[in-house]
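Enquirer: What follows is each chain in one-letter form.
Number of protein chains: 2
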Amino acid sequence: MQLSFQSNPIQTGRERFLAGCQRQATDATPVWFMRQAGHSLAAYRKLRETHDILTIARTPELCSQVSLLPITEYGVDAAVMYTDIILPFPGMGLHTELDPVRGPIVHNPVRTLQDVEALRCSTAEEATPFVLEAIGMVRRELANQQAVIGIAGGPFTLALYMIEGVPTRDYSTARTLMHQEPATWHALLEKITTVLISYVQAEVKAGADAIQIFDSNVGILGPAAYQQFVKPYAQRIFTAIKQAGGQSIHFGTGHASLLEDMAEAGGDVIGVDWRVDLADTWQALGFDRSIMGNLDPTLLLAPWETVQQGAVDILQRVQRRPGHIFNLGHAIHPGTNPDYLRRLVDTVHTYTGRQTD
Amino acid sequence: MQLSFQSNPIQTGRERFLAGCQRQATDATPVWFMRQAGHSLAAYRKLRETHDILTIARTPELCSQVSLLPITEYGVDAAVMYTDIILPFPGMGLHTELDPVRGPIVHNPVRTLQDVEALRCSTAEEATPFVLEAIGMVRRELANQQAVIGIAGGPFTLALYMIEGVPTRDYSTARTLMHQEPATWHALLEKITTVLISYVQAEVKAGADAIQIFDSNVGILGPAAYQQFVKPYAQRIFTAIKQAGGQSIHFGTGHASLLEDMAEAGGDVIGVDWRVDLADTWQALGFDRSIMGNLDPTLLLAPWETVQQGAVDILQRVQRRPGHIFNLGHAIHPGTNPDYLRRLVDTVHTYTGRQTD
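Just so you know, the sequences run in chain order A and B. full-length UniProt numbering puts the first residue of the first sequence at 1, with every later residue one more than the last. full-length UniProt numbering puts the first residue of the second sequence at 1, with every later residue one more than the last.
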């Protein structure tokens with residue numbers, strides 16, 4: 001089963017991924033998965049018996065080892081760094097905890113202009129050298145065979161976490177502050193942006209080919225609020241990635257009504273969740289960016305035939321247009337069968353033209 | 001401050017609301033608020049000191065009294081019944097609790113085909129006579145001065161609550177069941193639809209002018225999943241409302257990518273949240289339905305000038321096209337200043353043409 005295609009020279013995973021970011025021809029559609037270095041892997045689950053998430057993320061040997069697992073286990077074209085978007089928080093003076101059930105907790109949440117003024121803008125080299133060291137290790141290990149993707153939180157999502165303190169349903173504390181105290185909001189976003197620019201540029205310098213910005217919660221906003229309170233900051237972060245020489249992926253969820261603005265803010269690749277039709281969305285964006293996605297992660301909990309059909313539906317709609325990077329619409333669910341992930345990579349590669357090697 | 005307009009005869013609130021549902025000319029844009037009968041009202045907060053939510057909802061005297069408060073307090077054009085979408089659950093055999101912090105809890109969640117088969121399809125008259133009695137009381141009290149809006153949960157949202165049992169972040173248990181056991185899913189939706197049809201038709205018969213279907217969580221789905229797993233059931237429910245002679249409002253949140261399908265499923269009025277531009281969305285829907293919304297509820301926590309500007313922005317974009325019903329994009333936040341709600345109703349009415357009476 002294969003789409004008709006023009007035969008292209010065989011590429012490494014890294015070449016395939018980078019060509020995908022630049023809307024150039026590939027020998028097959030590049031593929032990786034959000035949270036591929038995670039619970040679906042037996043070796044990771046074993047490591048978690050003795051180490052918590054932040055310890056692994058802060059220990060370059062462990063972090064690089066986990067980040068590399070999916071390359072051999074699943075055959076993906078890129079290694080994404082095992083990490084959490086709150087890693088820069090302690091360097092800013094935020095007392096942070098990662099609760100396994102509730103998610104990220106900030107014990108001294110940001111609520112006033114004084115709170116914002118107290119935040120430090122440490123550089124990535126000062127605050128998170130372990131992130132950069134782990135990227136370097138993965139880069140050296142992979143040489144040029146697969147791409148390396150570094151990640152960072154988006155400015156809106158990080159602001160939400162800082163303001164709310166604990167994960168909430170509708171982020172009303174943060175959204176209220178945004179409307180009630182716009183000066184405080186803008187001062188906070190200014191500091192977050194400074195920290196993020198240092199962070200993403202250092203990641204590229206350490207060896208990351210691309211940075212994915214996870215502004216996962218941005219979909220709570222409408223276009224007018226996004227334009228006023230987020231877009232200018234996102235723009236500066238994407239410019240910084242480009243200046244450092246990295247590719248960028250701009251990801252959100254529930255963001256169907258923001259996609260045009262988010263694309264304007266930046267990103268060589270726009271990441272979409274499973275809620276939208278990928279082909280229609282790409283067309284609406286005028287095909288002037290690459291697009292990443294967007295199989296529903298819950299579909300992988302169904303029988304294999306359903307998974308395969310879901311993947312083929314997306315690939316058929318895209319018709320090998322250069323610039324599609326296959327992924328799920330959001331992170332892999334913890335209960336996902338690792339064999340399905342292996343078969344899914346193979347399906348994407350084979351169906352889109354890779355010769356049996 | 002007023003839009004230029006063609007002067008129309010003065011209408012009652014009910015006439016204004018019903019004309020809005022049917023895209024007919026009005027003397028001013030009709031307005032009401034989701035959760036207007038709630039925490040923003042001092043009299044309601046006092047009642048809650050001695051009565052819990054379900055007790056009020058199940059006691060026609062209390063329920064009708066609370067539902068009527070916003071008519072005099074805010075001057076809205078419609079009374080929406082104080083209720084909760086889980087009211088039909090006990091009649092189906094579900095042991096239900098409304099936890100003030102966590103939300104609705106089902107102690108015997110639906111997980112298997114056997115669980116679905118055990119559900120009863122009671123009629124609204126058998127299971128929830130108090131809902132119908134309260135509607136009758138509000139109808140008699142208002143006579144024809146204001147409209148009466150009954151509510152019901154949407155089929156997808158009710159299924160989520162039944163399957164998950166406790167509110168979760170991404171509803172993965174329900175979405176997994178949907179993909180893994182489609183036969184169980186469809187059997188459940190079949191029963192929910194039967195119950196909802198009886199419920200909405202009885203509400204209209206009891207005196208409701210319109211029914212708002214809250215499929216608030218439907219935005220977690222993409223178009224393909226909505227078409228397969230929800231749309232046929234939603235269609236039957238909207239047909240049933242029409243057959244009973246009621247107007248209908250189809251509401252969701254985070255549903256930008258589903259709006260076309262939801263409009264096809266039904267609704268005289270499509271309710272949109274604050275995440276989309278109302279005017280653009282209306283145009284995308286071809287203006288062949290009325291539209292309701294969509295001021296961001298968190299905006300009402302900002303200074304009055306910000307609230308007013310937000311409302312005027314929407315009204316200016318709509319330019320008095322017949323068929324706009326003004327509302328917030330979702331429920332009123334508990335901390336909202338009631339005076340702002342009063343002024344907001346007045347702003348909408350005055351700005352869109354109501355003569356000083």
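Note that these hints are calculated values from the structure, not bench results. These figures come from a predicted structure and were not determined experimentally. Errors might be hidden in some of the hints.
Where chains are identical, the list cannot tell them apart; a pair therefore holds if satisfied intra-copy or between any two copies.
What the hints assert, rightly or not - The list that follows gives simulated cross-link-like pairs (lysine to any residue, SDA-like), each with its CA atoms no further than 25 Å apart:
{"#": "1", "residue 1": "LYS242", "residue 2": "PRO338"}
{"#": "2", "residue 1": "LYS205", "residue 2": "LEU113"}
{"#": "3", "residue 1": "LYS231", "residue 2": "GLN308"}
{"#": "4", "residue 1": "LYS231", "residue 2": "ASP277"}
Enquirer: Each hint should be assessed against the structure and marked as holding or not.
Expert: Evaluation of the provided hints:
In this assembly of identical chains, LYS242 and PRO338 lie within 25 Å of each other by CA distance neither inside one copy nor across copies; the values are 34 Å within and 49 Å between. Taking CA atoms no more than 25 Å apart as the test, LYS205 paired with LEU113 passes in neither setting, with 33 Å inside one copy and 55 Å between copies. In this assembly of identical chains, LYS231 and GLN308 lie within 25 Å of each other by CA distance solely across copies; the values are 24 Å between and 37 Å within a copy. Both within a single protomer and between protomers do LYS231 and ASP277 lie at most 25 Å apart by alpha-carbon distance, with minima of 24 Å and 17 Å respectively.
This entry does not satisfy hints 1, 2, going by the numbered hints stated previously.
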